[in-house]
Structures are given as C-alpha cells and as structure tokens.
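For the record, the sequence lines run as chains A and B. Counting in the working numbering, the final residue of the first sequence is number 1115, and the numbers go up one at a time with none missing. Counting in the working numbering, the final residue of the second sequence is number 371, and the numbers go up one at a time with none missing.
Don't read these hints as lab results, they were simulated from the structure. Small disclaimer: the values here were computed from a predicted structure and weren't measured. Do not rely on the hints blindly, as some may be mistaken.
What the hints assert, rightly or not - Result set (BS3-like, lysine-lysine): computed pairs, CA atoms no more than 27 Å apart in a straight line:
1. A:Lys1090 - A:Lys199
2. B:Lys267 - A:Lys1061
3. B:Lys335 - A:Lys1061
To be verified - Partial chain B-side listing against chain A, Cβ under 7 Å, derived:
4. Asn17
5. Ile19
6. Leu232
7. Cys236
8. Asp291
9. Val295
10. Gly299
11. Leu344
12. Arg352
13. Asn363
14. Ala365
15. Ala369
16. Trp370
Said to hold, decoys possible - Stretch-level coverage of chain B by chain A, calculated; a stretch enters the list once three of its residues show a Cβ under 8 Å from a Cβ in chain A:
17. 237–245
18. 336–342
Glycine is no exception: its CB is placed at the ideal position from the N, C-alpha and C atoms.
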Amino acid sequence: MLPLKLKICGFLSYLHETEIDFTKFGAKGLYLITGDTGAGKTTIFDAISYALYGKASGDKRETRLFRSKNAAPDIPTYVELTFMSKGKKYTVRRNPEYEQSAKKGGGTSVCKPKVLLTTYDGDKPVVEELKKEKKSGNNKDDDRDPITKIVGIDSDKFRQLSMIAQGAFDQVITANTKQRTEILRAIFNTENYEKLQNELAKTAENYRKECTDLSRSMSDKLMLTSCQEDSQYKEKLDEIKSVCADREYSLPTEEILSLLSDVIAEDDTLYTDVSRKIEEISDKLEEKQREIGTAEERESKRNKYLENKNALEAAEKLLPEAEKNFRAAEPYKEQASELQGETKLLQEKLPLYDELQQLVSELNMLNKRTAENKAETAMTNNTLELMSKQYAEMCEERDRLKDCEKELVRITLEQKMNEDKRTKLREHHKLIKKYQDSRILAEKKKKSYEYSRNTASELRMEYDRINNAYLDDQAGYIAETLEEGKPCPVCGSLSHPCRAVKRPNAPSKEDVDNSRKASNAAEGEAVKAAAELRNINDICKELKAETDELSLSLLGEIKSADELMQAVISQGVELKNIIDNQSGIINGLNKKKDRKDKLDKSIPEYETNINRKKEEIVSLNTDLAVLEQKKNNTDGNISKLRGSLPFATSTELKNRIAALNERAASLTELYAQAEKSLAGCKNDIARYKAALEAIGEIRAASEADYIKKLREEAAALKNESGRLSNTLVEINSRVIANNAAKDYIIANGAKLEELREYYIQANELSITANGKLTEGQEKLNLEVYAQAKYFEGILALSNIRLMKMSNNKYEFRRAEESLSKKGQFGLEIDVIDHDSATRRSVRSLSGGESFMASLALALGFSDTIQTTVGGVQLETIFIDEGFGTLDGKKLENTYGIFNELGTDGKCLVGIISHVEELKKRIPNRIIVTKDSDGNSHAKIETDF
Amino acid sequence: MRFLHLSDLHIGKKINEISMLEDQKYIFNQITDYLSNNNIDAVVIAGDVYDQSRPSAEAMNVFSDFIEKIEELSLPVLIISGNHDSSERLSYFNNIMKKQKIYLGTTVSDSVMPVKLSDKSGNVNFYLLPFLRPSDVNNAFDTSCTTYTDAVKAVIERMNLDRNERNVMVSHQYVAGASVCDSEILIGGIECVDKSVYDDFDYTALGHLHTPQTVGKDTVRYCGTPLKYSLSEVCCPKSMTIVTLEEKGNVKVDTVPLEPLHDMRKLKGSFSELMQGPASDDYIYVELTDDNDVPFAGTELRTVYKNFISASYSRFASYSYFKSSAELGTHEEKTPQEIFTELFRLQHDNRELNEIQLRILNEAVERAWR
C-alpha cells in the first residue's frame, strides 16, 4: 500500500481541505513530518488509517470525534486517499456521521457515514459505494471488507506492520506469540499448518469418540447379560456388570468370554431340562382331554333326551284347544262367498255415473252460450242507435252547404275586376310622377343657365377691361423697348424724352389672352345651358297636357298635379282594401266547399254500415232460439238417468263395495288360521315322539360334577406347562443376550484395542502439534514452529540494522524458553547484549533502546514482506515519534539506517518527529503548522 | 601568495561520548605555531567549523581562541559555512569581523562578490561559497535548478570571473569522484557536483569530505580534517594544505603533516591478548577476534586503554554472519511432514514417529493442504 495523495477536510484539526501529494517524494525513500507539538502531525497518519479502515492509528481516538470542532455546517468532513496496491491505483473516500447544513431549507441534516471506493479501469474511474455487510462468520477470507482485501491486511496487522504509532512502538517487539503468529501467518501463508493442527486434533478426537462409543456399546451389551438366580456365576457376573455400569469397557476380555460361555452352557442344560418337563406335562394333558371329551358326549346326549320328552308333553296338552277353534271357524267360508256376489252386482252400476256427469256438463255449456248471445245482441242494438243518429246529422249539414259553390264563383270574378282597375291606377301614377320630375329639372336648368350667363358677362367685362388696360399700356410696353436714337414703333421719333410709364400692375399679353379665353369659354357654357333649358321646357309642356287629360277623366276637372296624384293614391288604397276583403271571403268559401265534398263521400258508407248491423241482430236472434231448444232436451235426459241410480254419487257406491270386500276377507282369514294351528300341533307331537325313539338309552344320573373335576385337573396341567414355557422363553432370551454380548465382544474386542491404540497415537500427535504437552515442555505449536524459521529470518534481517544502530551491542534472538509456562510460546524475542555478554528478554530494554529495537524489527518485517510473494505488500512504513528517546551515537546510527532507506530502501518511510537534527538531514518534508484559529495546515517541502 | 587551506574542523565533536575538544585545541595550537613560524599570507577554512549547528560554549571558545591567535598574526581569515554549521550563527558580527579581515561566506547571494586580496602579482579573488542546496540557489537568484551541479554552475555564472586575475574558489560540496569515509553524512549520488564546474578557478579549496584528496586535478582539493574522526580514517595521516599562488597559471600545492595529541588507532586481537597492553591514551578502536562475546569487554579494555572508543567483534564484520535476505523466507522446501517430525523430535527427546502416527499425519496433511 503506497499512498499517492491524501485529501483531508473537516477532519480533526484540518478544517479546510488540505492536500498532501506523496508522489513528490517518489516511491522510495524517506520523508519527515515535522512541526510543533499538537500541530497535527499524527493526524495525518490517523487520516490514512481512517481512510483505509475507519479507525484511527492508535486506539486513542473514537471515530465520532473525527469531525473538526470548529467546522461550520457547510464544511464537509471526509478523508480521501489515493493509493497504489499491487500495481493498481485506488481511491477511497470515507466520511463519518456528522451534522451538515441541509441542502434545502435551513437547519442541519445528518450526513450518513459513507465509504466510496474508486477503481481505475484504464484512466476511467469507476466509483462504488461500499455498504456495511453482515459477517457470516464462516468463510473468513471473503468476509473481509473490500479495502482490507485490496491492501492485503486488516487494521490490526496494518498497525503492527506498517505503522509504529506514538507510544506504541514497543508493542512491535513485545508482542506475544499469539499476536505474532497472526502476522506471520498473513505474511508467510502458514494457515495450512494451523489447519494441520486442527486436522490432527480432529483425528484424535474422532478416534476418542469411536473408542468411547464402542466401549459404551460393549458395556451396554454386557449389561444385558444375566444368569439364573441361583447360578454359581451370579456373583461374578454381577460384579462385572457393576463395573460396566459406568459404561466404560475396560475388562479382561478372556475372562469375560469364558464366564459368558459358562453361563450360556449352564442355561443350555437348564433349557433341556425344562423342555423335557414340558413334554411330559403335554402328554398327560392330552390324555385328560380325551377323558373329558367322552364324558361330555354322554352328558349331552342325556340332556337332549330330557328336552324332547318335555316338549312332547307340552304339545299334547295344546291339541284339544286347536280342534275346538277349527270347528268354530267353519261357517265363515260360506259367508265370505255370499258377500262377494253382492259386490259384483254393485260394480256393474259404476259406468252409469260417468254418463250422468257428462250430461250435466253439457247442460252447463248450453247455459253459458245462451247468456253470451243475449249480451251480444244488446250491444249491437246500442251501436245501431248511435250510428243512425249520426247519419241524420251528416245529411243535415250537407244541405246547408249547398249554395256555397255558386257564391264562390261570383266573388272570384269580382275580385279580378278590381285588380284590373288597380293596375290602371298605377300607370296614372307613373305619368304624374314623370311630369312632376320634369318640372323640377326645368327649374334646375333655368337656374344654371342664369348663372352661366352671368359668369359669361362678367368675364367679358373683365376681358374688356384687361384688354383696354393692356392696350393702354402698350405705350408703356413699347416705351420700355424704346432706345434713344432708335425710332419708336409708334411714333417713329428718335428721341424719347418722356416715356410712357407702365402701370405697376399692368397686365401682360398673356393675361389678356387668358382673360379672353375664359370669357369665351363662359359664353359657350351659357349657350349650352340655354339649349338645355329649352329642351326641358318642351318636355314639360307635353307632360302637362297628358296629365290634364287624365285629371279630367278621373276627377272631372283639371286639377293640379299634386291633387291629382293624391286622388290616384287614395283610390289605389281603397281598391287594395276591397281586394283584400274579397280574398278573405274567398278563402272561407273554399273551406266550406271542401267539407261538402267530404260529406258527400262518407254518407253512403255510413248507410252501408247501418244495414250490416241490422242483419247481425237478426242472426243472433235465430241462434238463441236453437240454444233454448237444446237445453230443454238435455234437462229431460238428466232427470231420467238420475232416477235409475241407487246412490247419489259414484263415491258412495265405491265405499260400499270396499266395505263388503273387507268383511269377506277377514272371514276367510280366520278360517285359515284355525286350520293351520291344528295341523301344526299334530306335527309337533309326531316329531318329538320320533326323536325320543332315536336317542334310545341314557344314563340315569348327571355326570356334570365329574366333568368339572376333570376340567380343573386339565387346567392345572396347562398352567404348569405355561409356567415352564415362560421359563423356557426366559432362558432363551438370556442365552440370546449372552450370546450376543459374547459375539459382540469377540467381534469388537480387537477393534477396540486397535482404536485405543490409534487414539493414543493420534493424541500424541495432536498435543504435539497444538503445543499442549503437559510435562514441562514448551507450549510450542506446529504453526509457530514452522513460523519460527521465518521469524528467525526476519530477526536476522533486523539484526543487521539493530547492530548498526546500537553500535554492535544488541542482537535479536528468538526466545527458546518462555518466562511463564502459560500460553503459546515460540515467537518471543530475546536480545543478546554483546557488551555484557548476556541474553535477556526484549522487555528489559530501556525506552530508547526499545525504540531502536522496534524500528529495526519493523524494518526487518518490511524487508521480508517485500521479498516474500504473498498477498501482503507493504510499500510504506510510518513511524510516529520515538526519536526523542535516542541520543547521540544511536541517533547518528539511525540516520545511517535512514540514509540507506532513502537510497536503496524498498519502501517509503514516513517519520514524525520534532527532533531538530532530523529536519536538516532529511530533505523531504511535510511541514505542519497550526494557525491561531487552531486549524492545521500541511505543506510539502523538498530540497535537495 | 601563500595561504593555508583547512576545513571540517568539527569543533565540539564527540566520538562515542568522548569529547575531542582537547585534541582539537592541541591541533589548533600546532597550526597557529606553524603559521607564526612560516610565511603564510591567509588562512582559508572551507566549512564545517563546528560539529553541530548549535555548538556548545566550550566549542565556541576554542574556535574564538583559534581565530584570535590567527588574527594576532594579522592574517586574513576566510571562512565558509558547511552543512554542519548554522550559517546564521557563523555570520555573527559579520560586518565587524570583516573590518578585522575575518571574512565569513555564509550566504549564496553574497558569494558572487569576492574577497579581494592582493600580492605582488596582482589581485587574488577569493569567492566564498557556503554549502548550498539547489533550493538555496533558487531562492537567492530565482532560478529553477534541480541538480547540485546546476546550482553551483548558476552561482559561478553570476560571479563574473575576470579570467585575467587569479581566482580562488572556496566551496563545501561533495564533488563526484572523491572517496568518502565513515564520518561523513551524505545523501548519496544526488548531492554530487561535477568537478567541471570549478574549471575556471586557479584553485578550488574544498571542504566536506574528510580524507585529504584531489579530485581530477591537483588544484581541486579536499584538505581533509585536521584530526582523525572515525574508524575509517585511522589509516591515513592528517595534514594541512599549503597553496602557493605565483603569477597566473602557477599554482603549487604542498602538505604539512599534523601530529595529533592522541592518535586514533585500531587494534585487532583476542580479548586476552589486547588486555596485555601496552596501555595507551590513544583513541583505540578494538576488533575482537573472539568467537564468543566477552562480558563487558568495553569496560575492561577501558582500564588498559584510557581513551578506548568501542569494540566490535570480527565475526560481525563478515557479511555472512547475517544471512542474506534472499535466503530467508523459504523453509528450504521442507514438507509439512518433515517440519512436524522435527517438532515432534524436539518435544519428545528425538523419538521417531511410528507407523500409525505416520499414517495419521499423512492423511491430516492431505486434508489440510487440499
């Protein structure tokens, strides 16, 4: 892990973003972080440690306290470290939980702790947020947090191997075997040795378990053995079994086997004995059973005989009674047949009832139809009445409307005439209007003529004036053109003493011409106007003549145009009214005509309907008569039939028949019963008599007691037999168990011995490998032993530096004897003091010497790690203080070491120190200062 | 003109806590005696006057006595600060000292103005260039030099050398090609200045390296420390350098040996041998040939050799004592079974594994290494 760039913001005393670019120091060599106490030097290491692992460098600081105390809410807290590991570049950015200013609104919000890991794919950064994952606890490797995997070691080892923190450097040398083991395991991959230890332990444990299990099962089997209560071996067996009660098998196998054999043999003999006894009993039992059988037979025969005898006597007693009953029942038979004849007769009368029923229903139907007929007739009569009334009305109406047609024609004609009149009036109107218009136009023309005439005369006057003026001024004009000595065009004089003076506003020839033009134009206008006026006047005259004619014809006298106009208009209006009236009347008459036509059509129809209805009534009456006739007939038939029947209804007849049948049946039955019982009685008697004969001779007395006694004896024998059988079973099971135990022991005895042997051997291996020997040897486990070689190598490397630093005084050795005999041992360190030629524990070094030793060891570790091919690569070491404990020569020597590191060292060593001398010796520096606000600043200086 | 070229006095140095002040006083007296008895025109001290940037009071007194004695002889003294000196402290009372012809070259910017001394042949320009790093030059002249060579070149360019006159450079740098010894503290090749930069000077009085030597040509020279200060210097005797400048182009360099109060020697032998003596007050480095550590060897030896410095064991010197790192880290390819067997033997008095155990072990190994 080689740091490239570190950015700190809001972290402990680094309030504002501070960037430290380690690449300025190169990848190897030495740099110094210097500054006053409390300036913030260790914080740089804390930041690196925090960025990687979320923890500070020492144990002294809690992560929550990382946020700068002075930080305003808008200043974030984070540490971003860019580093190289195994040739790849990474950037990790981590921030703790803190209150920051909320993005929206005011106030603060909690910023969650976050880790962002950036890997670089070529030059492209790929950012990934790492979440806290639950540890499953099984597979340690994959559980490690990703950054730990990248760096190769977890925070503990990092602390031990590459950071020697303030005040904690002696942990490097005084670490005990347990802690060293872990580090060496990480570096040299000695996990397999640990695995081997575990495997051996497991093997031993397995063997032990197998032994225990087997011995347990053997003991269990032995516990199941037994022998007879009075056996000679009982005591011994019990003894053995009590030993086995703890389920540990550790008894002499031979003895047990022979004992068991003896017991089994004993049981065998017993078994045979008992078997024999059982057989004997069984024979006896058989005989007894036979005896019992015969006796029983005889007894049962006797019983049967007595039984039959009693039955016979009983049956003979019953006989006379049966005979009496039979005689009494004899007449019943006849009576029954009589009854049956009667019944038959009655049966024949049944169908007649059906007939009767039918007739009745016919009669009902006829009644119904009669009623219907009557109802219909009534209804039809009503309808007929109505229709006749209406017909009369319709005819009346028609008469009334007769004349309307004539009227209509007349009035239509009148209206037409009026229309013609109206048209003529319109023409008159047009004429009058024309006349009026022309009169107006004439006026207008007259006026315009007058105007134009006036204009013309005015212009003429003007022209005259101008002309005159002009002419008057000609002299002046000419005078203007006069030149002395030249003849005047007018007078020819050569001298012109007194020239004519032009008037100031004398008009020019132009003016004159213009005026003349205007005047002529105006005259032309006037002439035109006069002509027009004349025209109009003529037209007017004509029209007047016409209108006067009209006036005469209409009004009888000549009136003015206006009056005439008015008369025409009023006439026109009058006519219009009359016409409208006539239109209205015409409409009404048209309507009436239509109605008449309709009536003409419908009246004949109505007549036909009325006639039809009359016919209907007639037919209905005919039907009614027929129905009456039928009714009478049916009535007669019904009464006739009724007379011939005995009962009113068929049901009554049926009942009677049933009753008679019943009586007949019961009589028959009584007779049959009596007959049967008599026969039965006689049979019984015969039977019993025969049985008695068959049985023949019997014993006089009962043998029951005798039989009972025999049975008891048999039972006793059976019990005995049963008991003996149980004993047999017992013996058998005992033998089986004993045999089983014997076989088992034979089969497994050897195995148990073998297993025991294996266990002992494996156990020895296991405790050796795991360092658990008890007899005073060192508690040295296999992994540690394997690591010891490596460790010695590291110590040898460290010794080179330690000897240099201590002026050939001190050397490391791996301790061969532990101080306390507790705990694992094997990786502790002794120092040889060459000066005093002693060897003592490393803990006996003084403060300054410890620092030197720690430094030497740390560098030794670092060198070794560089050369081992493992997952761990430490390209950097940090050393926090400690140099103050070195003096004079030791410090000198240490510089020597550092110079070496600077030139051909294999990694980048960062040193925090405030020792003055170091500042001069080490050219690469980070100067850390704290300003008055308490904020730290870091600046890189390299001078070479 | 003849001047004395000294450098790397390291006044106040302690070797293994033993103060060398007495020896330094002694040697300074030798030097000033030589000065008073010989015809020397100037003294040049080419840096590392003190051993520490904050020298002790005694050290300062020793130096001031030394300078006083030289001053009594009315000789100009030209001093530059070295990497061990604090240039600020050294230039204490700078201007007053100048009046007494004690010239202190402690800043890069001042170095471009030479101290002019003269003899019958004319002027001799002494350019006093203190120990510099490229950053010092960059700060002074606003250049952007990255190497020491460029830095020195940049300063020399600004000196406007008059090639017709004799120019002497006094400089305190590590010139490439020179040999180093234990008492120098260097940062390796980065510091090196190429010797060509001094080509234009008639003589370059160098300081910084402790062994008297020339670099390239005779006129570019380290005069070395006046005393032996480390184990690697015990072999070569110390001297002071006398430079004689005739007319331009004629430079002669001589050395005058220096006899210290106590020599520094190395003794090698077994402890018992060395305890025989002879006793001596010299500074002794002891190399013990014993195979085993001798308890408190140092204390014992100090009873015979009063100024015993330190002892080391011969067997430490050979590098094979410390196995090379390349060999470590491999378990010489032992199988796990072999390693276990070793452990077993160790814990059980060399008993071997029996068959059953071998079988169990092999099976377990197979499972563990799956």
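If you take the shortest Cβ to Cβ gap from Leu344 (chain B) to chain A, is it below 7 Å? holds, 5 Å
Cys236 (chain B) as chain A interface residue, shortest Cβ-Cβ below 7 Å: violated, 20 Å
Just to be careful: measuring from the Cβ of Val295 (chain B) to every Cβ in chain A, is the smallest value less than 7 Å? Result: holds, 6 Å to nearest chain A Cβ.
Hint validity - Asn17 (chain B) Cβ closer than 7 Å to any chain A Cβ: With Cβ-Cβ at 6 Å, under 7 Å, it holds.
Is it true that the CA of Lys335 (chain B) sits at most 27 Å from the CA of Lys1061 (chain A)? violated, 40 Å
With a cut-off of 27 Å on the C-alpha distance, tell me whether Lys1090 (chain A) and Lys199 (chain A) pass. holds, 18 Å
Measure nothing beyond the straight line between the CA atoms of Lys267 (chain B) and Lys1061 (chain A); if it is 27 Å or shorter, mark the hint as holding. holds, 21 Å
Minimum beta-carbon distance criterion (7 Å), Asp291 (chain B) to chain A: It is violated, given that the least Cβ distance between Asp291 (chain B) and chain A is near 10 Å, above 7 Å.
Once the shortest beta carbon distance from Trp370 (chain B) to chain A is found, is it less than 7 Å? Holds - the Cβ of Trp370 (chain B) comes within 7 Å of chain A, reaching about 5 Å at its closest.
Please count how many residues of the region 237–245 of chain B have a CB within 8 Å of a CB from chain A and say whether that reaches 3. Coverage by chain A is violated here, the residue count being 0 at a Cβ distance below 8 Å.
Verify the interface restraint on Leu232 (chain B): the C-beta must sit less than 7 Å from at least one C-beta of chain A. Cβ of Leu232 (chain B) sits 11 Å from chain A, so the hint is violated.
Tell me if the interface restraint on Asn363 (chain B) is satisfied: Cβ within less than 7 Å of some Cβ in chain A. violated, 11 Å
The earlier numbered hints that this structure contradicts are 3, 5, 6, 7, 8, 12, 13 and 17.
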